[in-house]
Structure formats: C-alpha cells, structure tokens
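K.L.:
Residue numbers (numbering that gives the first Met the number 0), protein chains in the order written: chain A, 0 to 206; chain B, 0 to 152; chain C, 0 to 724.
Treat the hints with care, since some could be wrong.
Within a straight-line C-alpha distance of at most 30 Å, the following computed DSSO-like cross-link-like pairs (lysine-lysine) qualify [to be verified]:
{"hint": "1", "chain 1": "B", "residue 1": "Lys-30", "chain 2": "C", "residue 2": "Lys-248"}
{"hint": "2", "chain 1": "C", "residue 1": "Lys-381", "chain 2": "B", "residue 2": "Lys-30"}
{"hint": "3", "chain 1": "C", "residue 1": "Lys-612", "chain 2": "B", "residue 2": "Lys-141"}
It is worth saying that the hints were derived from the structure and are not from the lab.
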Amino acid sequence: MQNTRALMACALVAGLLLAPAFAADDETVAYPAAGTVDGATGLEAWSRIYEVASHPRCANCHTGESDVPMWSGPSYGDEPRQHGMRIRAGESRIGAEHLTCSTCHSYSEIPQTVPHAAPRVGASWQLAPAEAHWFGKSSEFICAQLRDLERNDGRDYLALADHIGHDVILHWAWSPGVGREPAPYSLAEHIMDIHLWGAAGQPCPQD
Amino acid sequence: MATTITVNQTERSLISSEETPLLWVLRDELKLTGTKYGCGVAQCGACTVMLDGQPVRSCQVAIGDIAGSDVTTIEAVSGVEADAVRQAWVEMDVVQCGFCQSGQVVQAIGLLELNPEPTDGDIDTYMGGNVCRCATYVRVRKAIHRAAEILAA
Amino acid sequence: MNTSTSRRNFLKGAAATGAVLMVGVTPKGVLAAGHAGLASLTPFVKIDEAGTVTAVLKHFDMGQGASTGLATLIAEELGISLDEIEIEFAPHNPQVYNNLFFGPVQGTGGSTAIANSFMQYRQAGAAAREMIKAAAANAWGVAASELAIVDGVVTGAGQSAPMAEFVAAAADLAVPEDPSLTDPKDFRLIGNPTTHRKDNAPKITGQAQYAMDVHLDGQVVAVIKRPPKFGATVVSFDASAAEGMPGYKGAAALPTGGGVVVYADTTWQAFQAREELTVEWDFTNAETRSSDQIRDDMLAMVNSEPEFVARADEGTDAAMAGAAQVIEKEFYFPYLAHASMEVLNCTIRPDEDGGVTLFDGCQVPTLSAGALAQVLQMPMEKVRVETLWAGGSFGRRATSEVDYNVEAGLAFLLDGGQRPVKLMWSREDDTTGGYYRPAAAHKVRVGLDANGRIVAWQHQLATPSIFKGTFFAATQVVDGVDRSSVEGVPDTLYDIPKMTMGVSDFQSPITVAWLRSVGHNHTGYVMETMMDLAAEAAGVDPLEYRLSYLSGEGEERARMREAFQLAADTAGWGTPLPDGHARGIAGMFCFNTAVAQVAEVSKDEDGYVQIEKFSAGVDVGLAVNPDVVEAQVQGGIGFALGFIMRDGIGFDEGEVIQSNFHDYEPLRVWDIKDIEVAIVPSAAPPSGIAEPPVPPAGPALANAIAALGTRVTMLPMAENGVDFV
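Using the sequences provided together with the hints, build the complete structure.
P.N.:
So, in structure tokens, the structure goes:
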C-alpha cells in the first residue's frame, strides 16, 4: 500500500513535470521504455489498472457474453443490477437488434448536468466487445485477457495505451457527469500505469 | 451562435443556449407541446421524437449537438407507419390519460419502420423504455400488432 | 393559450349565429334551458345553430374516461352518434357542477363520476331532445310524439330535417320538467362495447392540452426548492450564484417555510437556476428516521395496545382461545408516490377584474378555488378554474390542502401578482414531494376450528391517518378511527363470526394522501392473503372457501360472488396448468363495485417469476362504456402490480431515497403478458371502476406466487424474496 502511494506520487510528479496539461497524444509525456520497469512495480501498476477496470464506470459496460449492461449506484441498493428497461445491446453491441443505445445516450461533448440521466459522450454509446469481459471478473482473469492478443483485438501494451488515450468513450469513465462517481485515478495516470505494466512485461498476479 | 435545426419541415433558428435539451426547446421555445416531459432522464420515453428519422429521447439531446438536423414531433410525424399506428390506436382505444402517448406513438412508428412484423418479444424490448402510468401496455401491444396487420394489408 | 378544438368550434359557431340552445340545471337543481348568454344558465349540453352539440363536463378526465362517459349519456338521449358530440370541461360552479355525492363541491374522486352523473346528464340530453322535437313539431304542425331524432336528423310524420334547423326555435321553448328517458332496451351507445373514446384523436396527435402545455404571454416559470426532509423549514437562502444565469428572474422564500421559489423565463432555465441555490434548513421538527426504523416502529405498534377500536365483536378473544389452529401474519406496506406521468404543475393568470384564472388538470375545483381564494385574499367567485386534460392523478391532484395550487398561489403573490406564474415540478420533485400513500403495518391472527372454519379474527393496524387534521375529518373519522385507514376490514363482506380490529395512528411529518382505492390497496392485500392462508389450512379450494363466506344475504355479497365466479370462469380456474405455473385468486368489494381477479404466474428454472395473465370479473352495475371499464380494469391491475412488485418510497435519515423512474420503476410493457376482463351483465345503476380493480391485483399475485412456494407479506415483493423476470 505504501509502495503504491509512493509510486502514485512519483507518477503524479512525473505527470506534472512532464505533461502539465495532459493530452492523450501529447508526446512530451515520458513513458518508461519496455524492459525498464521491474516486475513488482509492474504488478503495482496492474493493481491500479484493475481498480479502474473493475470500477462500475468501466465494468458495467464490459459484461461479456451477456449483452446486458449493468447499473450500480447508491439508490440501487448494495448490488449492481441489470440496466433497467430490459436493455440488451445485442451482437451489434449498440442495441441495433432491439433498441439502439443512441435512443437515450446522445452523441455529445456537452457534459451531462442532470443526475441519473443517460450517460453521454462524443462517441456512439455501446457495450464493449464480448471478449472484453470484466464485470464480476477477477484481477487474474482481466489481466490475462488484456495481455492476450487473441482477446484484446491484437493490441500490445503500447497499442492498448494508445487505444485508451484516443477512444473517447473510455474517457467518459473519468468525466461521467453529475452524480456519478468517476473511475479512480485519472486518464493520464491510467495510461501511465498501462505503460508501467507493459514496460514491466505485463505481469499478472497469477504469474 | 444560434443553433438552426429543421423542425417538422420548417427551419428554425433557436435562441435557447446550446446545452438546452431539445425537449424544452420544443415545448417552451417553439410551443410544440405535444412532446411531453415525464422524467428528464431518459427513463420514460414521453419526450420521444424523430431525430433524423430515429426515435430519440428529446430530453437527452442538447440542441448544440444537432445543428442542421431534422426533427419530427408527434404533431407532424407522418407516413404509412404513422397512419397505421394511429388507426390501430383508435381501434384499440389505447389512450387513457394520454400523457405518455405521444412518446408511445412515435416509438411504435419507429418500431414498425424497422420491423413491420414485430413479435411480442420485439415489442417488449423496443417499447420497454416507454412508461405508461395508466398501464395501457396490454393495448399498446395489441395495437402494434394491429398496425402491423394494417401495414401488411 | 391554445383552446381545444371543440371550444374553438363552439365559439366560432356561437359568434356566427348568436343563438345557441343550452340545457342545464339551475342552482336549485331543476332543469333549465335557453339561449346562450343567459347568465343564470350553466349548461350540461349546448347546441349551436349549425347543430354542433357540446357536452359540458363537470368532471375532469385523468384518463379514467369520464369525458367519454358523460358525452355518451348526452349523445344517447339526444339521438346523435358519439362521433358527433364535442366536449369541453366546465368552469368552476359548485352550485351546478357539483358532484352529487359530494354536496356543494365540484370534484372528481372516489370513482363517482359516472355514478353521480348518470341520471343528470341523461336528463339534460333528453330535455334538449324534447325541445328540438317540440320546435320541429311546431314548424311542421305535427305532434312531437310522432318525431324522433336519429343521427342528428329530426324524423317522423313524413318529415325529415337536420336538428340544426330547430335549435334557435327550441331555445325559446319551455324546458320539459321531466323529459322521458330512453328505455334501456333502446340504448344505442350506453352499454355498447364498440364505441370509441372521445379523447383518442387529440391524444395521439399531440393536440390535447394539459396544464403543462399552457404558455401565456408574459408568463414566468416558478420552481421550488423544497426541504430535503419532511417537516424542515427554510431559515435562509442564497441565490447569488444564480444571478446572471440565462432567463433567471429571482428567488423568494415561501412564507410557509416550505421552500424557496426560483423564477425564470423557461422551465429548463428555472431548473438550472434552482441548482445554484443554497438553502439553510431548520430540521428541528423534521422526520429523521430511516425506512427500517419507520417499519420497525409501525410493526411495534401492531404488537402493542391499539389507540382506537374499529370493530369489537363480543367474545372474539374467547373464541380465539378455543381455536384449534391459529394463523398469524405480519404485513408491511411502504409509502408510495402516485407518480402520474404529468408531474404536478399549474398556472395562475391575473385577470382584469382583479381575480385570477387557475389553469390546471384540476381534480376538485372547489378545493382549488377555495384554497386560492384564501391565499390570494379574494372571494372564491374571483378564482376561475380552467380545467385541462390531466396526465394522471391517482388521487395526487386532490389532496385536501391542494398543496401545489397553494404553492402556485404563493409564488404568484411573491412575484407581485401582475403576470402569469406557471408552477412546474420536476420528476424528482414529484417523487420526493410527499402526500404519499401512507405506509401501513398489519398484524392478523385468524383462529380456525377443527374443520378449518374461521372462529375468530384479531386484526391490528398501524398507519398514518390521511383524514385527521383535514376538514374531511368530521365525516371520515369516527371514534378516533380514520375510516380510510381500516376500510375493507371491519366492513368486510366475508361472514367472519367474531372480529376485533384495533388501530394506531403512526405520527410523522411525512405527508400522506389517498392513492387509487385509498385504504383498500393495503387492507385488500391483507384480507385476501389471510383468506388464502385460511383456505389452505382448511384444505379447501380458495375460491370455494371464499364463496362459502359470501353465501349470506345481501346484494353486495351476491355481486361479489358473481364477480368471483366470472373471474374464475374466465381464467379457467381449476383446469390444469403447465409445470411451473400457478394461479392465485383475490377479490374485493369497494366503491360499490365488485372485482375479482385470477393471476397466473410462472417460475423459470432459475427462480424468476413472470406474470403470465390476469383474468378479472367485475360487477360495475350497468357499464356505460364497457370498453372504458375494461381499460380501467386493465390499467388498475397494471398500476397496482407496479408498486406491489417493486415500488416503495424509502428514507435515509428522513431524506427520500428515490428520485425518478430509475429507482421508482413503474410497471413496464413486458411485466404482464395479458389481462382479460369479463363484465357481469347488469341493469343496476352504474357504480365506479377507476379504483376497484386495484386492491385485488396484489393479493391475487401474492396468492399465485405463494402457490409456487413463496408467501410474501412484506412489500414490495422484489425486495422481499421474489425475483421477477
């Protein structure tokens, strides 16, 4: 825990020094080169990545073979529940077979200011691909999945970091609008963690 | 600065600020009050309108995001599906208080445009976001089947 | 302000010809007729020179179909089709447009609209018919008795002409004192299942005008930030953060302490500006308990000595002591929000004469006008009421304080009273705004003899009183017992030989009100659950067991028996079901109507329950519009199932937890597959149908689910062991 905090502080300082105004494609951020991070540091990074991946803002739309998004929050009781209105994203993952996500989730860069309203972002709202199953999955499971090119759309860690930096639907997790708890850390920290984890050789807890 | 959209075939230049939901622009600025406010959070479907031909919850659409788009409201929605839905709605006497029915009708038209022969299951998933507190649901389902019959004839 | 099409047509017609036949009643209740413009005449039916007939509706329409019903009565007697008659809502005039069951009060409630108007509206239509016939008879020199109006055409004695030709002349004639009413065997429209609603067209084209659709020149929109806990009051507020926001017009504290009004040009601007408000509240008298505590407190009350006695049959305790078997159950029902589709709202406009006009989906105009007269310090006659279509109510628009009308009145005053003020609630305001169906706890002990027959019934109830502290208390509270709390128990139609019932009032600042069927929506659940348990203990079919307790004398019992039998026949009660399916039955007699229902449910391999079908049998007397009756039964069942399955207003240290439909989720389309309704043929005077279908739905469902293994006595079901698909 102490180590995590120290490392976070380091990452934060690095972020502040090197990227005062973070932008996803800002090439001035100094990421560690492959092989320059030790396994323990990489695992620490992974644990933070898992905190993000398993957070409701992310996991609720990574429901795997189930095409049903999840809801969670204080007023739903302790347990997450299935998205209301019997929403199903279908094989299309955008609800095309049933009711399209865009019926309620608008394409907008204007922040949502009404509590409990439909999340929105400047991208087409959709469920993550079935292979990217995170909801209710263990750290070991998700870690193995994210380093498996068969299951992560052929992305090495650099491609993964780039994907996270550029796919704005993912950025919603850190700016979910009024009344929703953002995913932990920040987008910049999360990308740094992907680099740390990747540069350490993508270690997983089960290794 | 002003957003311009086409509403019911007429181009409208709007004075409302860009984050204003389309619902409130329709109701308060353009006085098209057939589109109803029920929840403001995309939970009830009373505010459903056609945006570029697709049913959407107008309470979730900021007008700044739809400049140049084409909006059709309950007052003007038309076509063979609209005619069939309205005929079926009358035959089945679906309405009660009626406050959700603008949304139900627009959503049902969207369903039949997409799927002219919906099953009960199709209706359940497509109409599942439209709340009716009078619980006219049994008749909504029957009327959609009836509208499909009318379309097929 | 857009007026309804019918109003516009009517005004056009009247302006063009200036001569209109109006038939109504005088304040003394006798039929009167004459030309338009007769100040003393407040009509039920108006006919212009073009022959356009307009029914003037003394009841509002929240979806229950009263507008279609009243129009049907006029059209039937007048000899025109239902398509030909226009409708408009009456202004406030409690001398003439009063609900005959309410005394000098104009209002809708208690499922009385058709029942109280049945003869009155028929008489008005019949008088108009007789006057037109008399005018035609004069013109043609024939006897009126030879004439009839058929589809708007006066026909007979070899003559035929549209009735429009005789309207002006008819208006000069004396009104018949006792016009002959159509023989029921000749009814074309009353009882006809193929007629259609009058409000279909405006409600599927977006043309129907609800209060929320009112936009008056120069109006300002008011929204109110209300206390986060019931009983809290405003100490001070700071609206400086809203200054400069688009459309923001100012803010003011209500003199009642009940909130801070925020004014803006549009609804969205008002909602946005309200978010910027900070308010300091005084929580000294506020409710601070959480839901679990409230429930535990009520359950403790039903296990203690009751405050009041609702029934005390001598020898009950001794009979219970001698029972071979005692069934004991505790029940809990949470607070419920009405959650009409149209949130509460209304508009007040200043008029040139110093009075005001209230634009509202107004349920009880006399209450609204009276309350506003008090707030605005003006005679009630100066408060005019323009009633518009109401997007639901379920009782919420008729609280005894008419809270939202009073709020609008105060907002209007605080604004200076010089321009129209439209009070808007958000869905969040509506969900958290109180006047809930009161929560209730019951404890029941039913003693059976060795043959499974009931020998004693001991019943304890704790619930907040709806009527105490209101001016209805004088008639509704007897010996400390609020009749609306207990209704359905001490007055049950079941022949329970010995019964005691005790009641305790739960005290809380949480405001309560009637919700569709009032006390019956919890007492019905309790009675019909206990009857099912008793039948089970007796080893007798639950239908047969109930019928055995309804075998006594009386028309009400006979009607209830018929409703049960019809529901059972419709459902195929007793016939085999697929594996995993089960049926449950329940019934109740209330608002002078008998309703019985059979629920069929299924449970899948994973334990999820689906409601397959409801079958209902109803005796509503003569069903004026059978299709509207069917719709009310379908809707009443659906309305009830929503809250029985999954709704409840909960509290976290006094603050309402739920806010919108995501956590107060109504029934949705997939929740029930079908509802079949059968109506007992009857020539008896019509009774009510909006409320009676509500009480049996919950227990019918509960009894069906119990047959699959889970007996639920704490609601809502989804939070108490039942997983719905």
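K.L.:
Determine which of the earlier numbered hints do not hold for this structure and return their numbers in increasing order.
P.N.:
none
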